[in-house]
Amino acid sequence: AQKVTQAQTEISVVEKEDVTLDCVYETRDTTYYLFWYKQPPSGELVFLIRRNSFDEQNEISGRYSWNFQKSTSSFNFTITASQVVDSAVYFCALSEGGGNYQLIWGAGTKLIIKP
Amino acid sequence: SAVISQKPSRDICQRGTSLTIQCQVDSQVTMMFWYRQQPGQSLTLIATANQGSEATYESGFVIDKFPISRPNLTFSTLTVSNMSPEDSSIYLCSARGGGRTDTQYFGPGTRLTVL
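For the protein sequence lines, the chains are A and D, in the order given. Letter by letter, the first sequence follows residues 1 to 115 in our numbering. Letter by letter, the second sequence follows residues 1001 to 1115 in our numbering.
What you were told as hints is all true, and nothing was included just to trick you.
Derived DEER-like restraints, expressed as beta-carbon distance ranges:
#1 A/42 with D/1075: 18 to 28 Å
#2 D/1017 with A/29: 41 to 51 Å
#3 A/54 with D/1001: 15 to 25 Å
To be clear about the criterion: a stretch of chain A counts as covered by chain D if any three or more of its residues have a C-beta under 8 Å from a C-beta of chain D, and this derived list gives those stretches:
#4 38-44
#5 101-109
Because the hints were derived from the structure by calculation, they are not lab data. Beta carbons: idealized from backbone N, C-alpha and C, even for Gly.
Please build the complete structure, drawing on both the sequences and the hints.
What follows is the structure, encoded as structure tokens:
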């Protein structure tokens, strides 16, 4: 069965601190896709990144970086030098390559950045 | 990436009434989805909106309660019928293209409050 676990319900840090959001997934497929979305208080879901199971290279985009490790079935997200605007709920999701492309969602991590 | 708009952005409705939410995509897409997000929760897939045929509903969701239309490749509607306070949620529309690696993009959501 497929499953995505975001064990951190809420994280609170002071601005400029680095913060890592954890994501652990379960799947039997060898081909799958992992995603991170951001949901600010406005409610809209903003796509951040997609990773396929064959590409374990870490990725950096500005202050954001992602660490994909198949050995531990994890796809963690780090924000460097956090800012108040980073405050949001962050969701990790899994899509299997088998055909229906539905997203399996984690519970989300609420990130609070204090000024 | 697809740009998705939803109408209305929010509404307050009386128990027993129905509300139709519209979702418009700026380009033709293969797949459209409807989600519900209850307060403080993750996303739950209601159904996949199929162009030219009946929607595919997930367990726990039925057509009589959540009728869906998809008359073309850029537009879909979700109706929440005979509403009760338990239907108070954010309803999100999403869309993806047809490729295996395509990403699901989301509309801004509709915040529904049922009194």
